[in-house]
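Colleague: As they're listed, the protein sequences go chains V and Y. The first sequence begins at 1 in the numbering used here and counts up one residue at a time. The second sequence begins at 1 in the numbering used here and counts up one residue at a time.
The set of hints was computed from the structure by calculation and includes no laboratory data. Note that CB positions come from ideal geometry on N, CA and C, so glycine has one too. Don't take every hint at face value.
[Claimed, not checked] Mimicking DSBU-like on lysine-lysine, the simulated pairs with C-alpha atoms at most 30 Å apart in a straight line are:
hint, chain 1, residue 1, chain 2, residue 2
1, V, K137, V, K242
2, Y, K40, V, K35
3, V, K35, Y, K59
4, Y, K4, Y, K40
5, V, K2, V, K35
6, Y, K40, Y, K10
[To be verified] Residues of chain V clear of chain Y, computed beta-carbon distances all greater than 12 Å:
hint, residue
7, K2
8, E40
9, Q41
10, R78
11, G79
12, C112
13, K137
14, T143
15, G183
16, E237
[Unchecked claim] Quick list of simulated restraints, FRET-style, between CB atoms:
hint, chain 1, residue 1, chain 2, residue 2, range
17, V, I185, Y, E71, 33 to 39 Å
18, V, L222, Y, A52, 53 to 59 Å
19, Y, V36, V, R148, 35 to 41 Å
20, V, A26, Y, D50, 52 to 58 Å
21, V, E36, Y, D60, 20 to 26 Å
22, Y, Q53, V, A37, 23 to 29 Å
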Amino acid sequence: MKVAVIRFPGSNCDQDCYHVLKHDFALDVEYVWHKEASVEQFDLIVLPGGFSYGDYLRCGAIARYSPVMRSVATEAQRGKLVLGICNGFQILCEARMLPGALIRNRSLHFVCEHVHARVENIETAFSHAEVAMTNGKLLTARTGLLLRMPIAHGEGSFTADPETLRELNRANRVVLRYSDRRGAISDDANPNGSAENIAGIVNERGNVFGLMPHPERACDPLLGSEDGKLIFQSVIESAGRKAGSRSSVGIRTGL
Amino acid sequence: MKAKVTVMPKKTVLDPQGVAVRDAMRHHGLPGVGNVRIGKFMEIEVEGADEAQLREICKDLLSNPVIEDYELHLEA
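One chain only, chain V, in its complex shape:
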């Protein structure tokens, strides 16, 4: 299975994503420059965080027109899995591959902190797996599971019209919501003013996922959390099945 990490001018979480996929999950990963015309040869496409094009005009608005994005859209239409993290989520919304938009945080502050994101749907390709932590314990997806991951954004307030929000809820497309440490979804636990505490959603077909928290910064006990592994393990298993890969995909055990 081959994974693409797309690099835009201004991406700055590309190396974190590459590191996790290559070294924690032992995958064949390549950086793909945004000028490339095709990502057809890849089974999983990651749009990393950062400040593509300096966030000029709107976050993700210009990256959306990068040559590679045409191919990303085509491959998504073919059913390939696409994971957009932070700026990647913003780009997917700007590209209309996900509904809604991410606007300036309610507080106007750039928020950089660990949050709890509650898993709302474990039926998706991005949130169903079980994964071993470094200490040997298993982290198993279940509805209501809390994932502790960092956020780092100034424009992460998810907004959509009421009809879109209804549809996201009806079709169970909200994968993650910001919660407090007990799992309660409250305004106090909403770090950026997102509608209904939404932290991550999938598209209608369920193969494109965008989230504001950074799972790639939560894959090592040294970083304070390994909960992000659940997202990667899920998407890697799903992409592996789609690719028809018989090779075992999963986390490299031990050190």
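Given chain V, work out where chain Y should sit, using these hints.
Modeller: Using the frame of chain V, we list chain Y on its own:
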């Protein structure tokens, strides 16, 4: 030709910048300040494009219709 494009957040979308500026203006001795909304203004010099093409680019690139409305004014 010169295209002047104004992009404003939709009325239904929270504009935290506008709220912050409103509060600052009130603190500066203007208690009567009501709603403040902050958008963008762009001046574009362009040749060989018609209004339909410019409207297309306003809708697709210069604004995001999910959260913003635009107005386009053309000057010869």
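Colleague: Indicate, hint by hint, whether the structure satisfies it.
Modeller: Hints, one by one, checked against the model:
1. V:K137 / V:K242: holds, 28 Å
2. Y:K40 / V:K35: Answer holds: K40 (chain Y) to K35 (chain V) is near 28 Å, not above 30 Å.
3. V:K35 / Y:K59: Cα-Cα ~24 Å, so holds.
4. Y:K4 / Y:K40: holds, 11 Å
5. V:K2 / V:K35: holds, 19 Å
6. Y:K40 / Y:K10: holds, 13 Å
7. K2: Holds, since 31 Å exceeds 12 Å.
8. E40: Check passes; 25 Å lies beyond 12 Å.
9. Q41: Label holds. Min Cβ-Cβ 29 Å, cutoff 12 Å.
10. R78: holds, 23 Å
11. G79: holds, 25 Å
12. C112: holds, 17 Å
13. K137: holds, 40 Å
14. T143: Holds, since 29 Å exceeds 12 Å.
15. G183: Given that every Cβ of chain Y is farther than 12 Å from that of G183 (chain V), nearest at about 26 Å, it holds.
16. E237: Per Cβ check, E237 (chain V) is outside 12 Å of chain Y; nearest 32 Å; holds.
17. V:I185 / Y:E71: 33 to 39 Å: Holds, since I185 (chain V) and E71 (chain Y) (Cβ atoms, about 38 Å apart) stay within the stated range.
18. V:L222 / Y:A52: 53 to 59 Å: Given a distance of about 56 Å, which is inside 53 to 59 Å, the answer is holds.
19. Y:V36 / V:R148: 35 to 41 Å: Distance hint for V36 (chain Y), R148 (chain V) holds at roughly 37 Å.
20. V:A26 / Y:D50: 52 to 58 Å: Holds, since A26 (chain V) and D50 (chain Y) (Cβ atoms, about 54 Å apart) stay within the stated range.
21. V:E36 / Y:D60: 20 to 26 Å: Hint holds: Cβ distance 22 Å, inside 20 to 26 Å.
22. Y:Q53 / V:A37: 23 to 29 Å: holds, 25 Å
Going through the hint list in order, the structure satisfies each hint without exception.
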